[in-house]
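Participant: Here's the letter readout for the chains.
8 protein chains.
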Amino acid sequence: MKKVLKDFKAGKVDLKEVLERIRSLPYKDLDFAKIDNHRAIRKGFPETVFCGGKTVLQIIKIIEEMSKKNHNILATKADGRIFTAVKKIYPNAEYNEPAKTIVIRKEKQKTKKGKILVITAGTSDIPVAEEAVVTAEIMGNKVEKVYDVGVAGVHRLFDIKDKIFDANVIIVVAGMEGALASIVGGLASRPVIAVPTSVGYGASFKGIAPLLTMMNSCAEGVVVVNIDNGFGAGYFASLINR
Amino acid sequence: MKKVLKDFKAGKVDLKEVLERIRSLPYKDLDFAKIDNHRAIRKGFPETVFCGGKTVLQIIKIIEEMSKKNHNILATKADGRIFTAVKKIYPNAEYNEPAKTIVIRKEKQKTKKGKILVITAGTSDIPVAEEAVVTAEIMGNKVEKVYDVGVAGVHRLFDIKDKIFDANVIIVVAGMEGALASIVGGLASRPVIAVPTSVGYGASFKGIAPLLTMMNSCAEGVVVVNIDNGFGAGYFASLINR
Amino acid sequence: MKKVLKDFKAGKVDLKEVLERIRSLPYKDLDFAKIDNHRAIRKGFPETVFCGGKTVLQIIKIIEEMSKKNHNILATKADGRIFTAVKKIYPNAEYNEPAKTIVIRKEKQKTKKGKILVITAGTSDIPVAEEAVVTAEIMGNKVEKVYDVGVAGVHRLFDIKDKIFDANVIIVVAGMEGALASIVGGLASRPVIAVPTSVGYGASFKGIAPLLTMMNSCAEGVVVVNIDNGFGAGYFASLINR
Amino acid sequence: MKKVLKDFKAGKVDLKEVLERIRSLPYKDLDFAKIDNHRAIRKGFPETVFCGGKTVLQIIKIIEEMSKKNHNILATKADGRIFTAVKKIYPNAEYNEPAKTIVIRKEKQKTKKGKILVITAGTSDIPVAEEAVVTAEIMGNKVEKVYDVGVAGVHRLFDIKDKIFDANVIIVVAGMEGALASIVGGLASRPVIAVPTSVGYGASFKGIAPLLTMMNSCAEGVVVVNIDNGFGAGYFASLINR
Amino acid sequence: MKKVLKDFKAGKVDLKEVLERIRSLPYKDLDFAKIDNHRAIRKGFPETVFCGGKTVLQIIKIIEEMSKKNHNILATKADGRIFTAVKKIYPNAEYNEPAKTIVIRKEKQKTKKGKILVITAGTSDIPVAEEAVVTAEIMGNKVEKVYDVGVAGVHRLFDIKDKIFDANVIIVVAGMEGALASIVGGLASRPVIAVPTSVGYGASFKGIAPLLTMMNSCAEGVVVVNIDNGFGAGYFASLINR
Amino acid sequence: MKKVLKDFKAGKVDLKEVLERIRSLPYKDLDFAKIDNHRAIRKGFPETVFCGGKTVLQIIKIIEEMSKKNHNILATKADGRIFTAVKKIYPNAEYNEPAKTIVIRKEKQKTKKGKILVITAGTSDIPVAEEAVVTAEIMGNKVEKVYDVGVAGVHRLFDIKDKIFDANVIIVVAGMEGALASIVGGLASRPVIAVPTSVGYGASFKGIAPLLTMMNSCAEGVVVVNIDNGFGAGYFASLINR
Amino acid sequence: MKKVLKDFKAGKVDLKEVLERIRSLPYKDLDFAKIDNHRAIRKGFPETVFCGGKTVLQIIKIIEEMSKKNHNILATKADGRIFTAVKKIYPNAEYNEPAKTIVIRKEKQKTKKGKILVITAGTSDIPVAEEAVVTAEIMGNKVEKVYDVGVAGVHRLFDIKDKIFDANVIIVVAGMEGALASIVGGLASRPVIAVPTSVGYGASFKGIAPLLTMMNSCAEGVVVVNIDNGFGAGYFASLINR
Amino acid sequence: MKKVLKDFKAGKVDLKEVLERIRSLPYKDLDFAKIDNHRAIRKGFPETVFCGGKTVLQIIKIIEEMSKKNHNILATKADGRIFTAVKKIYPNAEYNEPAKTIVIRKEKQKTKKGKILVITAGTSDIPVAEEAVVTAEIMGNKVEKVYDVGVAGVHRLFDIKDKIFDANVIIVVAGMEGALASIVGGLASRPVIAVPTSVGYGASFKGIAPLLTMMNSCAEGVVVVNIDNGFGAGYFASLINR
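Protein chains in written order, with my numbering: chain A, 1 to 242; chain B, 243 to 484; chain C, 485 to 726; chain D, 727 to 968; chain E, 969 to 1210; chain F, 1211 to 1452; chain G, 1453 to 1694; chain H, 1695 to 1936.
All clues given are correct.
Below 25 Å or equal to it, Euclidean Cα-Cα: the simulated BS3-like pairs (lysine-lysine) are: (1) F:K1322 with F:K1279; (2) B:K354 with C:K597; (3) B:K357 with C:K597.
By construction, these hints were calculated from the structure, which means they are not laboratory data.
Assemble the whole structure, with the sequences as input and the hints as a guide.
Facilitator: Shown next, in the form of structure tokens:
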């Protein structure tokens, strides 16, 4: 920005152009959506397409715009119908069915040294966990996963103690009562990202019960993302992984 | 009841008396309160005085009525002011300050064989736990207590594994996120009674967070009583202890 | 555990094997699920398959793993499609349609002396009650059931007074306002397990109304499990039945 | 109204006066409050002063304005400080301390034939019940009251069966879980007005639990008023009593 | 009851028979449902079949049992599929499609003198209102209905002022914000029964918004029934209509 | 009104007619709906048909009645099926598919001077925004729209700063966390109408999260309408636009 | 801004100064608070001091900073203790006790033509209404107020019909059930700003009930501000008043 | 652990001692509290004393036990009364009054390279922010703080853009609507920890509004801790700072 201002002072660019350039840089306007090209620079990653509430046509157009740059693309909450449409145009698009993610690889990320460990309390939490896994991997992280660790059988958890101590960041995905986050948080010396899921029935209220459990965790070093937000957890884990 | 009916048929009692007797048996009417003498027979325990929302005068009158029978008396949620008033009339009344319970002993309960273990997650959960302890003891149970077991430091819990295996019934008292109940439930082979407490801040919402956690516990063999209801937990534990 | 340590000291097993053995004992890892064989020893019952949120393939694989041991198997929240798949492989699998449970019997449980009484407030609460009945029976309990006892017509309840006095444990299943639990709790001298159901409309809020009613029950000796959690009630009842 | 229009046509009053008279008729404007004198005609009762959130001065002024007519006056939610101030000016003002009501009698109501029965579940519900009693009595009803009927001891309820059958309208006041309304509703053949109270602790949530219980009552013939709204129940009971 | 006891004393009936008779009187046990024949006597109306959550077969069996007595039958929340099944067996069954009610007339009710007025705020509230209308009519009441009165156009309300003054009981059915109940309550001198409906969108939360509005109505003489509970309103209105 | 009264005095109309005329003036009664013709005069716009919860037949009849006057007609929450039916009768009916609105133009509105700016946070908020746009345009406003402005990329917002300063009224439509309203409110010097949408997942709770955000906006000059209520926002914006 | 850039280009200011000037312009940093001087230009009004949660010292310092400019100052939610401290330094400070507002006048606002009408449902809503009145007046508006209009007595409302038609903007302040906003909205042809208040008891839940009522208002032209936010209503009303 | 096992095998320690040693290692049991000395090793920090719900005596005893090791001690939610008691025994104890924290320094932490930036939305959020600052500093972090950044005046935020880009971790503390977290999240390329505060009034519901806002943040890289949990945010920030 300072450079632009200096150029401007040096007479290399005029006032109108200064304003223009600032404006045109960061994103591309598709009328119904604005593609934030700047983000790849700012955050080391292009804007993700959240497919919920968008038409297939809108999604395709957004991906087409994104493809002009050479960044990896990640689409979340994408059902099979969307993947079929994307696959036709981008044959190398990869689909993770439980995670409902589409990945189009355009560049090779340098792999980070630290490992991210993704743990689920139950089998039903796997889809949300997989969204976190896909996100973390496309951002250049080594990911290890251990599913159905439970709380009811705490001894299962102790078998993975070494993995907990090895990991640089830990993501805990749990529905029902979500107690797993507190216990892992108590064992771990590294940051824990808790993801409540809408798995459960009765008084779990579509994820409110595990969300509250996790918010109130008496273990330090535990933070929380939105219900079912595997993407957010994977993204944040990547941000703090070295 | 059949006996009364047979006496009635045999002409030993008249119709009016039959109805009268049925009526007079089970309780004593104090106008503002009805003392349920029958309960001591039905449940092995006199009706407890829940002091919340009652005037000191009402409480004294209720205890006076209860004292005519030879059963132990338990008053819960009794502040110091109430105890002072009761103590004047019943010098042998005992006060447990954190628990806010008054006990007046009139008979010796036979001690049961099984042991009830009362565990708290934190130091602040102790008052509710003590209410459970007092209740269980007055009902003739051996009670062992372990406080501030936490979840954040799971290794603390493992030190009391033997106590968990020894106990016949376990009461888990926890505020904040209430995850302790699930973990104990996963370890124990005996029934667990979970008591959410209103301890905590922020999104614990005066006990809603641990209540939901406990309701959704994925460990079998866990049931829940009302927030801060130490009495209910101690009572139920006594019912199922042998 | 002490035995293993002694063997280790005696040189019968080496350090690595000690750690290994501890680890391999308690469960079998299916990658997406961990089968807790240990539980049958710990609790007298194999881990139940909660079918909600699992694929048919996952359920089949879990049951296959479980079948290697000689314990009874119980699958809950299993729809007809799941039963059809299971039946093909385990022809002796039994289906309880309203309860949505599958049972595969592999061993004969010794029948306990005490009787468990299962009561529903309405006709619509029967499916949840049946889940409790199936669970309690497979765990070796005599179960008696009385459905549609209501509260609106209290005289119905009084006709089953004898059954209430006979039972060793009572399960009350009720939706709408859930008042039945309090009334049965007031009559009974034995423990009452209350199961709120999501039956009702308007301000019953999918089971919140009866859940709150039951949590606040002014009758002692009443505990609560999660909304629609018939399994949990049957399991707990079995734990405390003699 | 028709009379005014006819007078107007007959030239006895002019257009401005017609509009004026309509306006001046129904109430007296105190600037900060409007006294609805019309109500005594419309409903057989003057507007009640709800003292919550009003200054003592405002309350005195409202009562002074009301006193110009010859109707009885009822002030609700009036603490001792307010009564002291009112008493100075209206020496015949009567205070019901638990109910927190002030009554100033100016006319004798004709007593209605039917009886209103007011029942409470516990001792702590008495203040709300008394508000209902005072309201119903000042409106000319015979009121019978039975307090602390409970639900935990259903036999207590059966002792008052005759009173339930005798009453023309029944008011049930209950906190905690509020189940009493359903049971009385099931027994009674006359209308039942349920008043949830904020008595209780833990998950009773200041009256939400009994409110939901009562809303979902499976007994027909039960309607609900606001939490702690003894006045509303007494008023409605009087409206439907004959 | 006294009669039975006297007969028993006179030796006309033996002890077993006394108990038997009491039992057999009030209802018929269908195993999955208990038909409360007594109610027709107690309340002047047979038990209504609430069809929600019941199978068609269960409903048919309940109606068959009810048909043995000579009372009118009312089924609520009955979809078209249920009516088709009922119609085959009871050709005189009448269906009110918006109300989802089935009526089978077996006796002629004496018509009461007072009129019940049913008002809706909007067009979408009509189904709930019709349930109230059907209920009130089968119980022998004259019913007048005015739909879509609204609040936004208060002048519409004033056109029906005469109807409001004429009616003996008024039922107000409203979703959205439910303000109509307060306004009608302010105009009327007769009791108003408010029925919140789940009509609306956004922050009406399936009827919670109008429910709260009605609970907090500052107009005296307004009581509330459950969300969408047209039947309850019609039933209660009939109870208090003369 | 004064005129009618004068005519009445002059003997031109009789008493009955006076009352009659007052009544017949403002609306047309369709039995299931009351068409408020008066509104076009009062508010410069005919009553809108809210199609939710109405049958196609009812909607057609309402539109037919409205068509007798010469005002524009707007139907909201109209699905394709409804439009097909309306189109057959009113070939000039226009459909906005995402907005689910039908417009039938009968008169030309004078265009106002001020501009209304409609901004959405995301692509998924467009349907609600379009409802606001259609409403504002049919009421004679110039509308400018900018979609997918986001909050995550605040620089996008700064590109539209000039549009924000140009607009006379601003409508902000946002789901998820709804923060956009506060930011626009902080930038703008003109009134901002915030519309929370039910777009989002997890803890957005169908619009509660953005609703609360907007209610608590610390920026002055921000008011809120109901969740997804694009119509209400467009209507209010038109009211205050000059 | 363009001017600064041009000066910069012309060499009149250097780069550092450009950045400095931008920074220093809009507000003054007090370390614990930032005074937004720019606002008086942007919105025609200085930033208001919201006293909630601030120490007296902080408030004084903020006011001192603000006083350097010649704009009027408004402090809201200021208790008597705060006013005493402010009065010592600014003797012309005016206090509105029910509203808890402090006003320090420094300039004379030009009075706008349109009138703002402030209506309350009850006497207890007056403090919130007064906050709106003070805010609107200091911003140069003519304000008319009518308090305790109620809903229970709708005829009171009709007496102020002319005032409703005269006003350019209407503010409706109501607690309890908040229905007044809908009714005024239905009568008025000008915009209505609804302010829910925390006045009420029981199920009004500190303002949630009237908030929901107002959000769901079926009257067009009604928008809502936060509970008890009289300031917000007065501010917005002033923005749209001409 | 392996060492202990080897010693055991080598006969250096007996079986009882093995079990004993494992037990005695990680914490010191105070009966009412367990001091987790192990934590300083595991997490680089001793267990913090959360003073809420603990007596002064308990707190003193806990600190005394902790003091035996040479780690820094942090007490949170400590009111002045607690500090006075602690100060007497530990004269070097430091008190941060708004933060309500006590710090006793025993060792010098190595300062980390990265900077933690703590931002508040308003002046009233400062106490929670200070708790985060104290926590982060005692854990060896450089902390920069900017308070009262607001959202209403977004230009204030842009002045601190450089600080946002400089920081390695950012903590955003905000009450009211909590929108600041999203905006900072959108600007920053480093992780953002959002802390909702209970500051606000009306519909902010003691922190629920900002909590939901932050949970639903559409900006990636934002995680949330409990309401008012400044400590948790500071702790987590330190964990991920380098």
